[in-house]
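Student: Sequence:
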Amino acid sequence: MAQSVQTLLPSWRTVLRVSLQTAAALFLLSVVWVLLYRWVPPPATWLMLDRRAHAPVGHGYYGIQADSRHANYRFCTLDEVSPSIPLAMVAAEDQRFLIHHGFDMDGMWQAAKYNWNRGEGKPVRGGSTISQQVAKNVFLWQGRSYVRKAAEAYFTMLIEALWSKRRIMEMYLSVAEMGDCTFGVEAASQRYFHKPARDVSAPEAALLAGVLPNPLRFRASQPGPQARAKQLRVLRHMRALGGTAYVATLLK
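Per the numbering used here, the sequence shown starts with residue 1, numbered consecutively.
Check the hints yourself; a few may be wrong.
[Unchecked claim] Distance condition first, Cα-Cα at most 16 angstroms in a straight line; then the derived EDC-like pairs of lysine to aspartate or glutamate:
| # | residue 1 | residue 2 |
| --- | --- | --- |
| 1 | Lys165 | Glu93 |
| 2 | Lys195 | Glu80 |
| 3 | Lys165 | Asp79 |
| 4 | Lys252 | Glu93 |
| 5 | Lys252 | Glu80 |
[To be verified] Across the chosen pairs, the derived CB separations fall in these ranges:
| # | residue 1 | residue 2 | range |
| --- | --- | --- | --- |
| 6 | Arg166 | Ser30 | 17 to 23 angstroms |
| 7 | Leu36 | Gln110 | 34 to 40 angstroms |
| 8 | Arg166 | Ala25 | 28 to 34 angstroms |
| 9 | Ser11 | Gln95 | 31 to 37 angstroms |
Quick caveat, the hints were computed from the structure, so don't treat them as lab data.
For every residue, glycine included, the Cβ atom is placed at its ideal position computed from N, Cα and C.
Work out the full structure: start from the sequences and follow the hints.
Tutor: This is the structure we're talking about:
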């Protein structure tokens, strides 16, 4: 009886072979997925679908559309946006974006020290780079877990290896939520400034970048004192970096 039960169970070699085959298939699938988005805009992201599913009736959510003045999501290349916008995002979110390989270890360390010593009531400071945010926004679900963080690190390495910095920035500017159910700089520019992203000024770009960490709390259309303070801080960083010449390599 024991021998017959043993013969029904898969051997460790079979389990190992199936596990390796599964891992190889998942790896190849992820590489193909990332390579596809190197040239093709994503039709939607998990966050877009989730926000659409939970948008209340009468919310004004127009759906995931393209080529519409009222679209909530429209993919843009860097040729279609003002040079001040990528500069503002780098100044606000990731000033070492052009030189790191997906992870800013110094920034992560500084954020960890700040969070450890922060006073009660002060917000947690994130250490994610633009590349990490793209990996999370484009390929993964929202939430906080070690599994998601590991997947985020994996996809960050993939996009850094398979995409250019220009493509990473294009993806970031196109899929980041910049307001309630408003994704990307084109939709945000049309909604808040009533003009295309290519015509956005430096102060407007700084305002978009300033509200980006918490677009559901801060609004570019009705900026309060905190949003204005962040806007001024981003503008100072933009000037300190040397203006749009700093992101000239992205715009070529």
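Student: Given a hinted range of 17 to 23 angstroms, is it respected by the beta-carbon distance of Arg166 and Ser30?
Tutor: 22 angstroms Cβ-Cβ, so the 17 to 23 angstroms window holds.
Student: Quickly compare the C-alpha distance for Lys165 and Asp79 to 16 angstroms and report which way the hint goes.
Tutor: 14 angstroms, holds
Student: Below or equal to 16 angstroms on CA atoms is what counts here, so check Lys195 against Glu80.
Tutor: Measuring from Cα to Cα gives roughly 12 angstroms; hence the hint holds.
Student: Between Ser11 and Gln95, does the C-beta distance stay in 31 to 37 angstroms?
Tutor: Because 54 angstroms falls outside the window, the suggested range is violated.
Student: For the pair supplied as a hint, Lys252 and Glu80, confirm whether the alpha-carbon distance does not exceed 16 angstroms.
Tutor: With Cα atoms ~13 angstroms apart, Lys252 and Glu80 stay inside 16 angstroms; holds.
Student: Just tell me: holds or violated, for the beta carbon distance of Arg166 and Ala25 against 28 to 34 angstroms?
Tutor: 31 angstroms, holds
Student: Given the proposed pairing of Lys252 with Glu93, does the C-alpha separation stay at or below 16 angstroms?
Tutor: Given pair Lys252, Glu93 is violated - Cα atoms ~22 angstroms apart, limit 16 angstroms.
Student: Is the distance from the Cβ of Leu36 to the Cβ of Gln110 consistent with 34 to 40 angstroms?
Tutor: Distance hint for Leu36, Gln110 holds at roughly 35 angstroms.
Student: Take a quick look at whether Lys165 and Glu93 sit within 16 angstroms of each other, Cα to Cα.
Tutor: Measuring from Cα to Cα gives roughly 15 angstroms; hence the hint holds.
Checked against the numbered hints given earlier, the structure breaks hints 4 and 9 and satisfies all the rest.
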